[in-house]
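For the protein sequence lines, the chains are A and B, in the order given. For the first sequence, the numbering used here gives the first residue as 1, with consecutive numbering after it. For the second sequence, the numbering used here gives the first residue as 1001, with consecutive numbering after it.
The reader is advised that the hints may include incorrect statements.
Said to hold, decoys possible - Here are some chain B residues pointing at chain A (derived, C-beta under 7 Å):
no.: 1; residue: Ala1025
no.: 2; residue: Ala1041
no.: 3; residue: Ala1049
no.: 4; residue: Leu1076
Claimed, not checked - Chain B side only, calculated, beta carbon under 7 Å to chain A, not exhaustive:
no.: 5; residue: Ala1044
no.: 6; residue: Thr1051
no.: 7; residue: Val1055
no.: 8; residue: Gly1058
Hints in this document: simulated from the structure, not taken from any laboratory. By construction, the Cβ of each residue, glycine as well, lies at the ideal position given by its N, Cα and C atoms.
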Amino acid sequence: MTPDTVAAPESGRKETLVWTWYVGVGVALVLWGLLYSQLVAMSEWLVSLFPVLPGSHFGEALAFFFYDAPKVLLLLTLVVFAMGVMRSYFSPEKTRALLSGKREGAGNVMAAGLGIVTPFCSCSAVPLFIGFVSAGVPLGVTFSFLIAAPMVNEVALGLLFGLVGWQVALTYLGFGLGVAIVAGWVIGQARLEGWLQDWVKGIHAGNGVPVPSDDLTFVDRIRFGIEALKDIVGRVWVWVIAGIAVGALIHGYVPADLMAEIMGADAWWSVPAAVLIGIPIYSNAAGVIPIVEALLGKGAALGTTLAFMMSVIALSLPEMIILRKVLTLRLIAVFISVVGAGILAVGFLFNVLFH
Amino acid sequence: MKNVKVLGSGCKRCETTEAMVKEAAAKLGIDVKVEKVTDYAEIARFGIASTPGIVIDGKVVHAGGLPRAEALEKWLRA
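Generate the whole structure from the sequences, applying the supplied hints.
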């Protein structure tokens, strides 16, 4: 292919365009900072518009909502944009090339790590699964990726960092990766390749398929980030608002001693209960974290809360239904039990350690 | 006459991609036959791991996410 020849005046115009992009992003960042610094003032003003007593149940719930909603949306915007730019350096095809033929063990660790940065949407879980397995990525390694990708992502980490604190965010990162690595490894050791749907076993794509990567300029990557922003924030904002509303109700109405009784570290059964309740609840990270914030604020134990969050995000019914096309029911059952057991272990461990 | 396949099963972005291909071809005045491939097995045989994908005359030119309009025009002209 011959490189495009560009005439001189044309390139001059392109140069100015590039600068407009940089200036635009700079201005947007400054605006973001200004808005973020005014969050408290804004929320107090919004609450004052309502005829409620400060300190009443409803007043507390409103204050939580009007502070959290703009804060979460602002954080989400920044995180998704930054990760969109970063993700333009990765693609499922590149990740697959890195993982193909890797041995279990090291492969599981790499797959979980790459799950954080590779663009992934659960709607394309099936082509991704087949694409990986048919190109020689071991089944267990593929599972490590599939578990980590939705669970340990930028939205979860960015929001935990902003709302709950960096300690919990780092903990979640470490143990989320741990669950993905160990669960994938266990599934790999069990040699369950025979439990795939028959038509999947017959496909051998090989890894020699060249998927062209067009050379992106930095401006292209900024545009990639903006696209990600429109796409992801456009899709998840409803979940965020719903999650914050639930969080606000918990914050305003649920008494702290009741919470300590049912979700405190002393109630051992609360961890398995949190995992079970989390499976049918379908939400993404953005929706569940405001709830996590409110639960922790009311004295729920960290382990129980993390287990609930991981279960909601990593074990989702809709994803299982999508994966049913490629996995037999037996394999789905193994998947749910192994990941569930990992989450349980994390929950118990934390409740014991931070008691 | 170019044969364009849009790979992807039912996602909204796959439909948008198909519309983008038709629009770009019409704009460039290129004769194309656009075909949607929704069967997972067939998609996998093209070797991509993310959808939507675009195949022009048997060659994979794009996988994952919406294509950029300029890139799409370049592929169609090539």
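Violated hints - listed by number, lowest first:
Hints 1, 4, 7 and 8 are the ones this structure does not satisfy, whereas the remaining hints hold.
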